[in-house]
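Chains U and P, in that order, are what the protein sequence lines are.
If you're matching positions, the first sequence starts at 1 in my numbering and goes up one per residue.
If you're matching positions, the second sequence starts at 1 in my numbering and goes up one per residue.
Derived by calculation from the structure, the hints in this document are not laboratory data.
Where is the CB? At the ideal position from N, CA and C, for every residue including glycine.
Accuracy of the hints is not assured; some may be wrong.
[Stated by the list, open to error] For lysine-lysine, the following DSSO-like pairs were computed, each having C-alpha atoms within a straight-line distance of at most 27 Å:
| no. | chain 1 | residue 1 | chain 2 | residue 2 |
| --- | --- | --- | --- | --- |
| 1 | U | K87 | U | K32 |
| 2 | U | K130 | U | K169 |
| 3 | P | K412 | U | K10 |
| 4 | U | K206 | P | K434 |
| 5 | P | K435 | U | K206 |
| 6 | U | K10 | P | K409 |
| 7 | U | K87 | U | K27 |
| 8 | P | K87 | P | K435 |
| 9 | P | K434 | U | K190 |
| 10 | U | K160 | U | K140 |
| 11 | U | K190 | U | K87 |
| 12 | P | K480 | P | K493 |
| 13 | P | K409 | P | K419 |
| 14 | P | K320 | P | K442 |
| 15 | U | K142 | U | K190 |
[What the hints assert, rightly or not] Partner residues aside, some chain P positions facing chain U, computed with beta carbon under 7 Å:
| no. | residue |
| --- | --- |
| 16 | L402 |
| 17 | T407 |
| 18 | R408 |
| 19 | P427 |
| 20 | E428 |
| 21 | D465 |
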Amino acid sequence: MAVEILENLKRALMEYDSEAAARWARKAVEVKVDPIKALDALTEAIRQVGDGFARGELWLPDLVGAADAMQAATPVLEEELKRAGAKRQSLGTVVIGTVFGDIHSIGKDMVSTLLIAGGFEVRNLGVNIKAEEFIEAIEKYKADILAMSALLTTTAIEQKKAIDALKEKGIREKVKVMVGGGAITADFAKSIGADGYDPTAPGAVKLARRLVGK
Amino acid sequence: MLRGFTRKFKPLEILTEGQVEEIHQATLDVLWQTGVTFHHQKALKLFANNGCRVDSEEERVHFPPGLAEECLRKVPSSFRFKARDPKNDLLYGGNTVYFGNMPGMQTVDLDTWEPQVPTRKENYDGVTVLDALDNCHFMDAYTPYFGFEDVPEVMKMLESDAAKIRNSTKVQGTGYANDCEVFSIQMSQAVGADLIGRSLPAPPLTYYGDAVEAALRYIEAGFPVQLGVGGIMGETYPATIAGSLVIGNAECIAGIVLTQLVKPGHPNMVDCFTFPANMKTGAPGFGQIGISLLHVVFNQMWRNYGIPIYGNADTPSSSKAIDFQCGYERAVSFTINALSGANSMHIYGGLHGELTYHPIQSILDDDIAGMVGRFLEGVTVSDETIALDLIEQVGPIPGQYLDTAHTRKWWKKEQFVPKAADLLTYPEWMQSGKKSCLDYAKERMEEILATHKVSIPLTTSQEEDIERILNEARKYYRDKGLISDAEWTVYMKTLESPDYPYG
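Chain U on its own, in the form it takes in the complex (with noise of 0.2 Å):
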């Protein structure tokens, strides 16, 4: 039961069927499978799909659409990973958001999705998020890496406002933090003081392990 269980979450995700995925997700916590195993059969799945991606087989709607499913299960499976007390092993704990001002989710979930494929914990917060949204959720995730989105050249400057705010807070030591998006290059990166800068999704991801040191 539990095998064709966790098969079914990963089909539905390969199908990027986020009804399915949930559903399934549902039934898993119902016949008591291992939520670990169940989050591992869905990132076995999105990272099968990022590397379609990488190998130019599949495309961005593939890549969107196999982040959608993953969204739409794991908050079921999380609530009872939370409730069994239980921990599952990653890489380090993203929080992730295109920066205020600044609506372009395309790039933001591009990095989202390869980065839980590549075996982090990622908290995708959406766009439009303000420096002191970014905060709040470092605390409540102990999230290792701060990841922030910005395409437009008006709306860069909201990283570094983010970058300000954590000192002002006393936690830019806490945590590491990387930037990207269209308007943003490795000298503006260098210049608000963030650890990292890649122009390309897959580039994200080696980033981020650098960072935790992996």
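Dock chain P against the given chain U, drawing on the hints supplied.
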């Protein structure tokens, strides 16, 4: 059967109905008043017996308009080409558009862009690449290379044909010279495939004996006869597009009358391989816009006659390199020919004129073929594509479509993604080592050569037949004194190579 592409909208037409009639009447006038020379006694007799006025001394035939029109009506508007693999059969005619290739006499060095004699292996590899390209539906005569290293002149066509039979299962065409079509026909029959036969008048208004003889042989074998007219505007044809259209059409119709008198209802297709003159060098003006103007009106006339159009002359570029000029000349020319209703087009290869060719050019051309082909398929309008429900469901911002099943289902059908184009973002491009489409095409060529296998390899007995026919041809030309001792020695040595026939 290969589906090819379907033109799903009205073709581009630039002549008025009155102009179409004017061109048609002028063509009939040329056929009757001026006439067409046929240097072939049997053909002259046939024409005389069927009501043509024949001047025996000049070997010139004057075609009565009624006969010309009657023969035009007898040509089937569509027909099937049998390929070695039935899944590669072509259904020629209607709104279907197929893409094929052009020859190169030689290969080209990708660094110096100088021409080089291709090796046997390069020729066989060139066929493999074309066999692998999805949008390449057939291969024409003399392709990919017209002969290769150590092959005597008279054996070039046949060695080229044999390579295509061995390394591909797509429909192929052949030419004629020194009776080589006799052996080409035998090779195709040995593997159960049709051949695109051709008969090419010499401009202006002349059919030499070999063109007529070739047509008769293809008709006897049951293979469609393509009538390929080709003059140089201002040199062998009038400088005007209308004049070139009239004279070219008269040459085509003369060939159609020949075909239909020999065998009523036999498939013909017409081909316009005419170029403006390059008035600096006297060479054909490859890649000039005048070619496209002529294609549009040629295609309009022949669609009107209901006779399939074997589009041509849109491929060769004046450029010596695979560069911007080569790209724009081809893209403009392909698009216009496709929009105006050609049933097939020669999209692959043919760098400077027909003088050079390279497989990576074909890989790049495959992307143009995909783009033009996708365009021809037009826009699907249905409840599902209009997507009213989805638009309602997604609404304004923050709604978006990237994560919808509708996007996943439709985006690839609606778009064409080129395989060898540089589509990266700036940073990715820098990281890639600044790769260009040429780099991607090279990578794709290597991948194809490492992985592609012909869908149906020849059986042992088919291979024996091909080699036997080639040997008969070798003996025939050697006995006729058309292969010198020196050529023969070198040639025979290549046949002893352990890699023969592939290298």
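Practice problem: Could you check the structure against the hints above and give me the numbers of any it violates, in ascending order? | Solution: 8, 11 and 21
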